[in-house]
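**Q** Below are the chains, spelled out letter by letter.
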Amino acid sequence: MSAVPAIELRGVSKHFGSVIALREIDMKVYPGEVHCLLGDNGAGKSTLIKILSGVYQPTTGEILVEGVPVRFRSPRDAAEYGVATVFQDLGMIPLMSIARNFFLGREPLKGFFPFTRLDKEKANAVSRQAMADIGIDIRDPTQAVGTLSGGERQSVAIARAIHFGAKVLILDEPTSALGVHQAAMVLKFVIEARLRGLAVIFISHNIHHAYPVGDVFTLLNRGRRTGTYPKSAITRDEVVTIMSGGEDLKAVEAEIDALLASINAGDAARPTA
Amino acid sequence: MTVMDRDAVSPDGDNPAERFGVVAKRRGAHDERIASANWLTRLLRRPESGAAGGLIAALVIFAFLPGAAALYSLQGSMTFLTLSAELGIIATAAALLIIAGEFDLSVGSMMGFAGVVIGLTVRELGFPLWGGVASAFAVAIVVGWFNGLIVVKTRLPSFIVTLASLFILRGLSIGITRSVTGRTSIPYILQDVPDPFTATIFNGHVLGGFFQWMGEQGWIAVRSDGAPFVPGIPMSIVWCIGVAIVAAWVLTNTRFGNWIYASGGDATVARNVGVPVARVKIILFIGTACSATLLACIQVMEAGSADTLRGTLKEFEAIIAAVIGGVLLTGGYGTVIGAILGALIFGFVQMGIFYTGIDTDWFKVFLGAMILIAVLVNNYIRAKALGERTSG
Numbered sequence: 000m001s002a003v004p005a006i007e008l009r010g011v012s013k014h015f016g017s018v019i020a021l022r023e024i025d026m027k028v029y030p031g032e033v034h035c036l037l038g039d040n041g042a043g044k045s046t047l048i049k050i051l052s053g054v055y056q057p058t059t060g061e062i063l064v065e066g067v068p069v070r071f072r073s074p075r076d077a078a079e080y081g082v083a084t085v086f087q088d089l090g091m092i093p094l095m096s097i098a099r100n101f102f103l104g105r106e107p108l109k110g111f112f113p114f115t116r117l118d119k120e121k122a123n124a125v126s127r128q129a130m131a132d133i134g135i136d137i138r139d140p141t142q143a144v145g146t147l148s149g150g151e152r153q154s155v156a157i158a159r160a161i162h163f164g165a166k167v168l169i170l171d172e173p174t175s176a177l178g179v180h181q182a183a184m185v186l187k188f189v190i191e192a193r194l195r196g197l198a199v200i201f202i203s204h205n206i207h208h209a210y211p212v213g214d215v216f217t218l219l220n221r222g223r224r225t226g227t228y229p230k231s232a233i234t235r236d237e238v239v240t241i242m243s244g245g246e247d248l249k250a251v252e253a254e255i256d257a258l259l260a261s262i263n264a265g266d267a268a269r270p271t272a
Numbered sequence: 000m001t002v003m004d005r006d007a008v009s010p011d012g013d014n015p016a017e018r019f020g021v022v023a024k025r026r027g028a029h030d031e032r033i034a035s036a037n038w039l040t041r042l043l044r045r046p047e048s049g050a051a052g053g054l055i056a057a058l059v060i061f062a063f064l065p066g067a068a069a070l071y072s073l074q075g076s077m078t079f080l081t082l083s084a085e086l087g088i089i090a091t092a093a094a095l096l097i098i099a100g101e102f103d104l105s106v107g108s109m110m111g112f113a114g115v116v117i118g119l120t121v122r123e124l125g126f127p128l129w130g131g132v133a134s135a136f137a138v139a140i141v142v143g144w145f146n147g148l149i150v151v152k153t154r155l156p157s158f159i160v161t162l163a164s165l166f167i168l169r170g171l172s173i174g175i176t177r178s179v180t181g182r183t184s185i186p187y188i189l190q191d192v193p194d195p196f197t198a199t200i201f202n203g204h205v206l207g208g209f210f211q212w213m214g215e216q217g218w219i220a221v222r223s224d225g226a227p228f229v230p231g232i233p234m235s236i237v238w239c240i241g242v243a244i245v246a247a248w249v250l251t252n253t254r255f256g257n258w259i260y261a262s263g264g265d266a267t268v269a270r271n272v273g274v275p276v277a278r279v280k281i282i283l284f285i286g287t288a289c290s291a292t293l294l295a296c297i298q299v300m301e302a303g304s305a306d307t308l309r310g311t312l313k314e315f316e317a318i319i320a321a322v323i324g325g326v327l328l329t330g331g332y333g334t335v336i337g338a339i340l341g342a343l344i345f346g347f348v349q350m351g352i353f354y355t356g357i358d359t360d361w362f363k364v365f366l367g368a369m370i371l372i373a374v375l376v377n378n379y380i381r382a383k384a385l386g387e388r389t390s391g
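Protein chains in written order, with numbering that gives the first Met the number 0: chain A, 0 to 272; chain B, 0 to 391.
Pulled out of the complex, with its shape left as it was, chain A reads as follows:
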C-alpha cells in the first residue's frame, strides 16, 4: 500500500440548510484498493459520493487528490483530476452509440477548421479496444447503448473511466439494479480496475456484493463515520450488524420471532378438522 492516498477527505461536512447530511468525515483511499462505503438509507452515502464526484461542494473540510488539496466545481472538474464516477443509472445516453457515449465530452477530432470533424474510425476502434481490454467483446461500437444490458452499460462506463486515465473510480450502487449474473460481471470489473492500480470507491447496501471485492470498509450512520476496518478486522456478519444499526436488527428479529411464535401457537390451538 503506497504512502499517499489517491484521494483523501479531511473533516468534510455538508449542511443543507439546517440539516447536517455529513459530519466531519475523514477517509483515505489508496491506489489498488477497493474501499467500500456502507450504510443504510439516509446514512449520507449519496451525499458523500456527490462531494467526491464534484456534484456538491463540501460546507467545510477539504479533499486531497494524491496529497494535493483540490476543489471540484463540477463532475467534469473532478474528472480532470482523475476522479471518475459511474452513477447508478446516469452516465450513459441510451439512444447514442457505444462509441459516441464513450467519447462524449472528449471527442477525437480530425481535419482542419472549418472542416474539423469527429474521428469516427478512431472512436469506434478505441472504444472497442478499451472494452476488449476489460474483457467485453463489442462487435459493433455503433450500436445504441440502450441495446446493452445493465451490467454491460456499467462496464462501458468503467472501461471509459479506465481508458481516460482515472486514478479514482467511484461506483455508486453499480449492482443494485442487476441480476446475479450481471452483478458478478460488474464485480469482476471492479477487481479488474483495482488490479490496474486504481483506487476504487464502491458504494453498496448489498453486503454480498461489497464484502467479496472490498479491501477496506467504511461505515456511515446518520451522517457520521462510525468506523473504518480492513477486511481482516471485520467479518461479514459484523458488517451487517453495524450497517443495520445493530440494535435495530435485533429488535426486528425479536419482534418477528414473537410474531411467528404467536402464529404457531394459534395454529396449535386451532382444532384440526
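No false leads were slipped in.
Facing chain B, according to a computed beta carbon distance under 8 Å, are these residues of chain A, among others:
id : residue
1  : Pro74
2  : Arg75
3  : Gly90
4  : Met91
5  : Ile92
6  : Leu94
7  : Arg99
8  : Gly104
9  : Leu108
10 : Gly145
Below are the DSSO-like pairs computed for lysine-lysine, each with C-alpha atoms no more than 30 Å apart in a straight line:
id : chain 1 : residue 1 : chain 2 : residue 2
11 : B       : Lys383    : A       : Lys119
12 : A       : Lys121    : A       : Lys166
13 : B       : Lys152    : A       : Lys49
14 : B       : Lys383    : A       : Lys121
15 : A       : Lys119    : A       : Lys109
16 : A       : Lys230    : A       : Lys27
17 : A       : Lys166    : A       : Lys119
Not everything, but these chain A residues come out facing chain B in the computed CB check (under 8 Å):
id : residue
18 : Pro93
19 : Leu103
20 : Arg116
21 : Thr146
Bear in mind the hints are in silico, worked out from the structure with no lab data behind them. Virtual Cβ for every residue (Gly too), placed ideally from N, Cα, C.
The hints should help you fit chain B onto chain A, whose structure is shown.
**A** Structure of chain B alone, referenced to chain A:
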C-alpha cells in the same frame, strides 16, 4: 477477427483480466447474444425510414388520382418542391433543436417580424436591401439568443417560453408596423432599391440556361415567346439543399452534433461529462430564428412586400415535418434527412390535394392523421433502434 484484436492487446497473455477468466469465457467466438443485423434491418432502424416509406406511398397513391399528370409535370413538381423547400429550411433548424430537447414555437412569428424589419429598414430608413436583410438577421440572433437564454436560465419548458415569444413577436410586428405606416403590411419593398441583385439571391433561379436549352430542344413546356414555363431551379430549393447539407454534416460528423444528440438524450449526463448543454441549446435557438429569417427573406423578395401575419402557424408545420421525418419529440434522436423527407411529404400532399381536386379542407384532416401515425411509427422505430429487447 475479434480474437486477433484481443491478442493485439496482450500478446504475451499478461492481461490481468485473463487471470480472472473474464476474457476466457468468450474467447474464440463472437458474443453470441448480439445477433447480426443485416443491412435491411439496419435500414429500417434508421429514424427516417418511416418518412421515406410514407413519401413513396404518397407518390404512388397520388399517381392513380385524377389530375396526377399536372402534379407530376415539371411545373407541378417544381411547385411542390418549392413549397417543400421553404418548409424544409425551417424544419431542418427545428429538427436540430428538437433533437437537442427543446421546441421553438416562435418560428412563424419570427418570419413575420423579420419581414417587418426588412420592410421598415428599407422603406422607412432608406437602407439598401442587403442592409435590411442584415438587420433582420441581427434581430433574429438577438431573439434566438434571448429565447435560449431564458430557457436555459429559468429551466422552464421551452414550449412555454417560446409560446410567449410567439405572441410577443407577432404583437410587435403588428404594433410597430401599424404605428409607423398606419397599415399592417409594407408594400413595394423592392422598388428603387440600390441593390436589386440582393433580391435575386433569395428569389432568383439557377440553371436558367439549362432550362432555356431544354425548352429549345422541346423537352420541357415553353410559353408562346419560347421561354420555358419553369425558368430554372428556384433559389429557395438551393437554399434548402444548402442548409440541409450543412446541418446534416454538423449533426452527424462534428463534435457539436454529438453534443446536440447528448443534450437531448440526457442533459444531466451530458453536463456531467462536460458538454456545454446551455451553449448548445442557445446556438440552436439562434439557428431556428435565423432559419425563419432566411425564409422571410425568400418570401419578402418573392412578394415584394412584408405582411405582419406572414408565417402564421409555420412553427407547427416545421415541427410536424420534423416529427413526420422521425425526429423524436422527446429529443435525442432524429436526422436532418428525416426532416427534409417530412417537408417533402408535407409539400407533396398539400399540392397533390390541390391538383387532384380534392377539397383542400381535407388537408388538415390528413395532417392531423399524419402526426398521429408519425409519432406511433417513431416510437416503434425507436424501440427497433434499441434492439427490440422484448421479442426475438
